[in-house]
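S.K.: Given the structure of chain A, go ahead and fit chain B onto it with the hints provided.
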Amino acid sequence: MNKPLLEVRGLSKRFAIGSRFSSEGRRIVHAVDNVSLTVERGETLGLVGESGCGKSTLGRSIVRLYDLTGGQLLFDGQDIGTRSLKALRPLRPRMQMVFQDPSASLNPRRRVGDLVAEPLRLHTRMSRAEIRARVAELFKLVGLLPDQIERYPHEFSGGQRQRVGIARAIALNPDLVVLDEPVSALDVSVQAQIVNLLADLQEKLGLTYIFIAHDLSVVRQVSSRIAVMYLGSIVEEGPAEALMAAPAHPYSQALISAVPVVTTDTGGTRRQRILLAGDVPSPLAPPSGCRFHPRCPVAQDRCRTERPELRPHGPGRRVACHFPVTEPG
Amino acid sequence: MILSVRDLTVTFRTEEGPVRAIDGVSFDVAEGEILGVVGESGSGKTVSLLAVMGLITDPNATIGGSIRYRGKELVGLPARALRKLRGAEIAMIFQDPMTALTPVYTIGWQIAEQIRAHQKISARAAMDRAEELLAEVNFPNPREALSRYPHQLSGGMRQRAVIAMALSCNPALLVADEPTTALDVTVQAGILDLVRRLRDRHGSAVVFITHDMGVVSELADRVMVMYAGRIVEKGARSELFGDPLHPYTRALMGSIPPLTGTRPRRLPAIPGSPPSLLRLPQGCSFAPRCPVRFEACEARPALPAGARAAACFRVEEVQP
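Chain order of the listed sequences is A and B. With the first letter of the first sequence counted as 1, position 245 gets the number 244 in numbering that gives the first Met the number 0; the numbers rise by one all the way through. With the first letter of the second sequence counted as 1, position 313 gets the number 312 in numbering that gives the first Met the number 0; the numbers rise by one all the way through.
Source of the hints: derived by calculation from the structure; they are not laboratory data. These numbers were taken from a predicted model, which means no experiment stands behind them. Mixed in with the good hints, there may be bad ones.
Some chain A residues well away from chain B (every beta-carbon gap over 12 Å; in silico) [to be verified]:
{"#": "1", "residue": "S35"}
{"#": "2", "residue": "L73"}
{"#": "3", "residue": "T81"}
{"#": "4", "residue": "A86"}
{"#": "5", "residue": "P92"}
{"#": "6", "residue": "D174"}
{"#": "7", "residue": "D214"}
{"#": "8", "residue": "M243"}
{"#": "9", "residue": "Y250"}
{"#": "10", "residue": "R272"}
{"#": "11", "residue": "P285"}
{"#": "12", "residue": "R294"}
{"#": "13", "residue": "E308"}
Simulated crosslink set (SDA-like; lysine to any residue; CA at most 25 Å straight-line) [what the hints assert, rightly or not]:
{"#": "14", "chain 1": "A", "residue 1": "K203", "chain 2": "B", "residue 2": "P267"}
{"#": "15", "chain 1": "A", "residue 1": "K139", "chain 2": "B", "residue 2": "C289"}
{"#": "16", "chain 1": "A", "residue 1": "K139", "chain 2": "B", "residue 2": "K71"}
{"#": "17", "chain 1": "A", "residue 1": "K139", "chain 2": "B", "residue 2": "R128"}
{"#": "18", "chain 1": "A", "residue 1": "K203", "chain 2": "B", "residue 2": "A268"}
Quick reminder that beta carbons are idealized off the backbone N, C-alpha and C, glycines included.
Only chain A is shown next, with the shape it has when bound in the complex (with noise of 0.2 Å):
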């Protein structure tokens, strides 16, 4: 077998937030705590969970938007983890990232055509002709028409921005796509297209996902794999479609059981719904022993003092948890 295009091992991001000279003083964010996991080539990760949870921290981490504060990060097996900047920047056209919001991350005074070519100016040397024919080529490859490569940002549906923004992070042919609540932003109607348009992407040109989203049924429809984390950690992992259909930690099962699905059931008919008590904890603060144990149902006096490790739990899963929900299997 090949070796995996990402391993993350330990990885942990910490913030300091505040001032020193505030009444609270400076206090530091576990935004991501000791995070380890695995990307293979040509796969989907889904990373799933709720704001805060330190899923969007995880993802720009990997791509070094962000300096790790520990663990190690190797990509395609060499360690960027602890790479300087200028050390890095040979392996950047092989990493590229989208945002949720595509009119914060296209410069409106910029025609959108010269905003795909940027990466392809700064990484490559490629002639004016070669870029405006690989401009065109992107334009095509992502839906939009050779007739737009003119126009400004604000000219476009936010559909179409997105597709601008896809164009422009596959400029470069990367490896790894992470991409952070790509259709969050998007209607119902047209999520569904760039979702298509992504899965597309990724058969013809081999691309490897970091699908970051807080939408289960958007995040099940394109990921292989998926992670779910909460307060900074991952809390189980596994295979899209049997996570989903049989999640191992409370949370999980929680999170799944929590999202509204169209049915035709009258109100006594209705799904089983967990609720969870209290809101997420502060990640200033965060509980002892098992971070979630503070809303779980089924927390027990070890799940209070000891912190449970992220664990084998029958084929492909990891859970963290003493007393996961589901038999192994």
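M.R.: This is chain B only, laid out in the frame that chain A set:
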């Protein structure tokens, strides 16, 4: 009927010409029922309810048609009379709870103020009532929450505080505009539960606006689907989701990836994007994206009267 809207139109004068944001919308809300309004951006779901609340103050806006609340015409009612109704009988909650909260006063102060604006009671009594309300919307420690400022609360708790405010005068009608869109699903589940309980306990009618078909399906008794400023389909929840009539409703339901079962290789997506209200097609607004359009769609299909209907020429006969 607690609310009867007939031929509502809202037109905005813009530099690029008039924009008809709402084009002949009629609907009723019965006492104690939850009406779900689904639509994408620009469908007019928010504007139509802002019009109902008399909250469109833009001088470039023209509102036509009739809006009756318990038989009383609201269109053209003086602002003072409207203000008496809003808050006391009709309450509204929005997507962003901070639009309804001021950052400079405590939660308790803000709820008490709302109560005293409509009822003659002492400040002390109003504060006690505020505490009761916070308990009712499941604040873990309502007494302590009274002295909190909005920035000290999470998004879900802020939305609960706003709901507590909306409930303060036992409104007969609650209008909720995407109140859970900015929230996480586990928090959303709690808020939806709350809205359902309100109706069950206080008998309030609820108009719930959202883009999320799943939310509507779990909450509403009746549903109306809007597209480009018009209602394209309406019906009881189980009918509408069990047997959608309008091609748009069908396509929209089809484009949501399933949470269980087999994954389709490709999602059945709707081509194009919702039309700009400045350049609406002549006939049916959905025709350019519609998989079953034919010659008749050059004209505009009307929405038949009755509880179950769709504005589409392909739908020949609809059972009442």
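S.K.: Look at each hint and say if it fits the structure.
M.R.: Taking the hints in turn, this is what the structure says about them:
1. S35: It holds; S35(A) is separated from chain B by about 25 Å at its closest Cβ, greater than 12 Å.
2. L73: holds, 30 Å
3. T81: holds, 34 Å
4. A86: holds, 38 Å
5. P92: holds, 29 Å
6. D174: Consistent with the label, D174(A) stays out of reach of chain B, its closest Cβ about 24 Å off (over 12 Å).
7. D214: violated, 9 Å
8. M243: violated, 7 Å
9. Y250: violated, 9 Å
10. R272: Violated, because the least Cβ-Cβ distance between R272(A) and chain B comes to about 6 Å, which does not exceed 12 Å.
11. P285: Answer for P285(A): holds, closest chain B Cβ roughly 15 Å.
12. R294: violated, 9 Å
13. E308: holds, 24 Å
14. K203(A) x P267(B): Roughly 20 Å separates the two Cα atoms, so the pair holds.
15. K139(A) x C289(B): Status holds; Cα separation ~24 Å.
16. K139(A) x K71(B): violated, 57 Å
17. K139(A) x R128(B): violated, 62 Å
18. K203(A) x A268(B): The given pair, whose Cα atoms are some 20 Å apart, holds under the 25 Å limit.
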